[in-house]
Amino acid sequence: MATNYREMSAAELLALEPPGWGGALLDGLAISLQVAVLGYLIGILIGLGGAVLKRSGGPITRDLMGLYTTLVRAIPELVLILLAYFAMPELINQMLSGFGFERIEINGFVAGVVVIGFVQGAYATEVLRGAMGAVPVGHIEAAQSFGMHPLRIFARITVPEMLPSALPGLSNLWLIATKDTALLAVVGFTELTLAARQAAGATKQYFLFLLAAGALYLIITLLSGWIFRLIENRVNRGAHHV
Amino acid sequence: MSDQSFWQPHRLILMALATAIVLTMALNMDWSWLPAYRADILDAIWITSALLVSSIVAGFLLAVPIGLVQVTGPRPLAWLAYGFCTLIRGTPILLQMWVLYYGLGSLFPYIPELRQSWLWPYLIEAWPYAFVALTLSFAGYEGEVMRGAFKGVPHGELEAAEAIGMHPFTILRRIWLPRAIQRVLPTLGGEFILQLKATPLVATIAVVDIYAIFGRIRQETFITYEPLLMLALIYLMLAGCIAFLFRLLENKLPSRG
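Protein chains in written order, with this note's numbering: chain U, 1 to 242; chain D, 1 to 257.
Please note: incorrect hints may appear among the correct ones.
Said to hold, decoys possible - Pulled from the structure, derived: some chain U residues nowhere near chain D, Cβ distances all over 12 Å:
#1 G49
#2 E141
#3 V186
Claimed, not checked - Below 20 Å or equal to it, Euclidean Cα-Cα: the simulated SDA-like pairs (lysine to any residue) are:
#4 D:K151 x D:I47
#5 U:K204 x U:A11
#6 D:K197 x U:L83
#7 D:K197 x D:L136
#8 D:K197 x U:T70
#9 U:K204 x D:Y110
#10 U:K204 x D:Y102
#11 U:K204 x D:A126
#12 D:K197 x U:K204
#13 D:K197 x D:W79
#14 D:K197 x U:F118
#15 D:K151 x D:A78
#16 D:K197 x U:V72
#17 U:K204 x D:L104
#18 D:K197 x U:Y68
#19 D:K197 x D:T72
#20 D:K197 x U:V114
#21 U:K204 x D:L100
#22 U:K204 x D:P109
#23 D:K197 x U:A11
#24 D:K197 x U:N172
What the hints assert, rightly or not - Away from chain D, derived, C-beta distances all over 10 Å, residues of chain U:
#25 G23
#26 G57
#27 Y68
#28 I75
#29 L83
#30 A87
#31 G100
#32 A142
#33 I157
#34 E161
#35 M162
#36 Y206
#37 I231
#38 N236
Hints in this document: simulated from the structure, not taken from any laboratory. Idealized CB from N, CA, C, for every residue including glycine.
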């Protein structure tokens with residue numbers, strides 16, 4: 001039996017319980033945020049490694065990192081998503097069956113996290129490389145002369161000292177990560193944007209549901225901006241403002 | 001980077017490796033579908049380029065007033081411009097495009113006046129929505145950049161112009177705007193490439209751009225890797241062309257001292 005959406009008000013259509021579609025939108029939002037958070041964290045890890053390699057690696061690693069950042073910044077995310085969604089599983093499964101393992105299933109969630117992490121990693125490499133350059137060499141040398149382990153120097157000196165110059169770039173990257181999750185709608189992964197379109201298609205209320213999804217994205221953006229400002233204030237405490 | 005530092009021995013080896021990989025791909029993979037789709041691909045490249053350039057020109061023309069009113073404009077206008085930038089920068093462009101195409105597009109047929117007007121033949125096509133969405137998005141991001149650029153022009157230059165009795169509009173035309181544009185030029189190449197990366201989204205609203213044509217190729221030939229690699233290569237080459245053109249442009253223009 002079909003629900004008669006025509007006679008429902010906007011509030012009824014957006015209600016959390018079916019026949020309203022609000023719950024589906026919030027589920028989509030939760031999935032979008034999960035993909036964004038995981039992709040963002042992977043991106044920061046890649047970025048930290050990439051920044052260290054680009055700064056202190058040999059000429060070949062530096063060139064390879066340069067190739068990675070250039071390629072990612074030139075190829076549209078949508079194309080990378082297609083590659084991760086259609087080409088990567090094929091390739092992995094061919095390799096797996098070549099070694100006699102069983103085939104694995106790569107779903108939209110994994111492909112999405114991989115792509116967003118991969119893209120974020122390239123941009124984060126540049127952000128963190130620049131921020132690491134802002135850490136005074138004398139501080140690192142002082143730590144070295146105490147005989148601190150390089151990893152401890154990285155965690156205790158480099159990371160805390162580079163945070164003030166890295167945070168604006170990192171907050172920008174987080175916003176890009178949340179917005180990039182919308183692209184997964186194109187390969188049929190039901191995150192917020194596709195959930196909104198499905199709701200719109202079922203009820204024929206395209207304007208209402210797409211705008212509702214937009215409002216949710218905007219809330220996330222504004223909220224994240226506020227949180228990042230709080231973190232920036234905390235990290236910058238005691239610093240001289242120029 | 002000077003030419004000498006570029007041709008290091010390890011680079012030559014990496015390049016030889018890359019050439020070998022590309023040659024193996026070209027010889028061993030299945031490219032037999034390429035001649036049949038050559039004309040379609042060229043058409044699609046033309047559509048993507050047209051959308052890219054036109055949306056950047058229109059978006060930049062919008063971005064100038066958006067940036068300007070945020071610096072000098074009356075409060076309500078400044079708030080409006082700020083709100084527009086926040087809205088565009090705070091939501092995914094895919095969603096903006098869908099709001100315009102599926103949302104607004106579904107409301108238009110209910111307005112009888114519109115159906116009789118000269119606009120109607122355009123409103124039932126997909127590309128005007130793609131163009132408007134790309135333009136608004138670029139205006140939103142670039143408006144924020146222009147705001148900073150207008151703000152960054154040294155006050156002394158504007159005061160000097162005022163002191164010799166220049167009309168405010170002349171100041172804008174002869175000093176403020178050229179100085180602001182000069183400041184954003186180095187970032188414009190990057191913005192151009194970001195906009196290029198946003199164009200494949202138009203394929204989701206039935207505009208046949210490069211991305212869409214390769215979607216069709218994949219459906220019709222059932223080939224997994226080759227069309228995707230070709231698609232990535234085409235975008236890579238377009239981005240390379242843009243970067244190269246802006247390199248030339250930057251060398252031509254006087255740098256700010």
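For each hint, the structure was consulted:
1. Here G49 (chain U) stays apart from chain D, with its beta-carbon at least about 20 Å from theirs, past the 12 Å limit.
2. Listed as outside the interface, E141 (chain U) is consistent with that label: its C-beta sits roughly 27 Å from the nearest C-beta of chain D, beyond the 12 Å cut-off.
3. Distance check for V186 (chain U) against chain D: the nearest CB is about 6 Å away, which does not clear 12 Å, and the non-interface claim fails.
4. Proposed proximity of K151 (chain D) and I47 (chain D) is contradicted: the alpha carbons are some 36 Å apart, above 20 Å.
5. Among the hinted pairs, K204 (chain U) with A11 (chain U) is consistent with the structure: their alpha-carbon atoms are about 15 Å apart, no more than 20 Å.
6. This hinted pair checks out: K197 (chain D) and L83 (chain U) have alpha carbons roughly 15 Å apart, not beyond 20 Å.
7. At roughly 15 Å between alpha-carbon atoms, K197 (chain D) and L136 (chain D) fall within 20 Å of each other, so this suggested pair holds.
8. The hinted pair formed by K197 (chain D) and T70 (chain U) meets the criterion: a straight-line CA distance of about 13 Å does not exceed 20 Å.
9. Proposed proximity of K204 (chain U) and Y110 (chain D) is supported: the alpha carbons are some 14 Å apart, at most 20 Å.
10. For the given pair, K204 (chain U) sits about 10 Å from Y102 (chain D) by alpha-carbon distance, which is consistent with the 20 Å threshold.
11. The hinted pair formed by K204 (chain U) and A126 (chain D) meets the criterion: a straight-line CA distance of about 19 Å does not exceed 20 Å.
12. Taking the CA atoms of K197 (chain D) and K204 (chain U), the gap is near 30 Å; set against the 20 Å cutoff, the hint is violated.
13. Between K197 (chain D) and W79 (chain D) the CA atoms are separated by roughly 29 Å; this puts the pair beyond 20 Å, and the hint is violated.
14. Restraint check for K197 (chain D) and F118 (chain U): the C-alpha separation of about 16 Å stays at or below 20 Å, so the hint holds.
15. Distance restraint check for K151 (chain D) and A78 (chain D): the Cα-Cα separation of roughly 14 Å lies within the 20 Å cut-off, and the hinted pair is therefore satisfied.
16. A hinted pair counts as satisfied when its Cα atoms are at most 20 Å apart, and K197 (chain D) with V72 (chain U) qualifies at roughly 10 Å.
17. Only pairs whose Cα atoms come within 20 Å are accepted, and K204 (chain U) paired with L104 (chain D) is accepted, the gap being roughly 12 Å.
18. As the CA atoms of K197 (chain D) and Y68 (chain U) are separated by approximately 16 Å, the hinted pair is consistent with the 20 Å bound.
19. As the CA atoms of K197 (chain D) and T72 (chain D) are separated by approximately 33 Å, the hinted pair breaks the 20 Å bound.
20. The suggested pairing of K197 (chain D) with V114 (chain U) holds, with an alpha-carbon distance near 19 Å, which does not exceed 20 Å.
21. With a C-alpha separation of about 15 Å, the suggested pairing of K204 (chain U) with L100 (chain D) holds against the 20 Å cut-off.
22. Under the criterion of a C-alpha separation no larger than 20 Å, the hint pairing K204 (chain U) with P109 (chain D) is consistent with the structure, at around 14 Å.
23. With a C-alpha separation of about 37 Å, the suggested pairing of K197 (chain D) with A11 (chain U) is violated against the 20 Å cut-off.
24. Proposed proximity of K197 (chain D) and N172 (chain U) is supported: the alpha carbons are some 17 Å apart, at most 20 Å.
25. For G23 (chain U), the condition that its CB be more than 10 Å from all CB atoms of chain D holds, with the nearest at approximately 19 Å.
26. For G57 (chain U), the requirement that its beta carbon stay farther than 10 Å from each beta carbon of chain D is met, with the minimum near 12 Å.
27. With 10 Å as the threshold on Cβ separation, the claim that Y68 (chain U) sits away from chain D holds: the shortest Cβ distance comes to roughly 13 Å.
28. The Cβ of I75 (chain U) does not lie farther than 10 Å from every Cβ of chain D; its closest approach is about 5 Å, which violates its non-interface assignment.
29. Look at L83 (chain U): its CB is around 6 Å from the nearest CB on chain D, not clear of 10 Å, so calling it non-interface is violated.
30. Taking the minimum C-beta to C-beta distance to chain D, about 5 Å, the non-interface status of A87 (chain U) is violated against the 10 Å cut.
31. In this structure G100 (chain U) is separated from chain D by more than 10 Å, as the shortest Cβ-Cβ distance comes to about 22 Å.
32. With a least beta-carbon separation of about 32 Å from chain D, A142 (chain U) lies farther than 10 Å from that chain, consistent with its non-interface assignment.
33. Separation of I157 (chain U) from chain D is adequate, the least Cβ-Cβ distance of about 30 Å exceeding the 10 Å criterion.
34. Residue placement check: E161 (chain U) keeps its beta carbon more than 10 Å from all beta carbons of chain D (closest about 27 Å).
35. Once the 10 Å rule is applied to beta carbons, M162 (chain U) is consistent with being away from chain D; the minimum gap is 23 Å.
36. Not every CB of chain D lies more than 10 Å from the CB of Y206 (chain U), the least distance being 4 Å, so the non-interface label is violated.
37. The beta carbon of I231 (chain U) sits about 19 Å from the closest Cβ of chain D, which is more than 10 Å, so the claim that it is off the interface holds.
38. For N236 (chain U), the condition that its CB be more than 10 Å from all CB atoms of chain D holds, with the nearest at approximately 20 Å.
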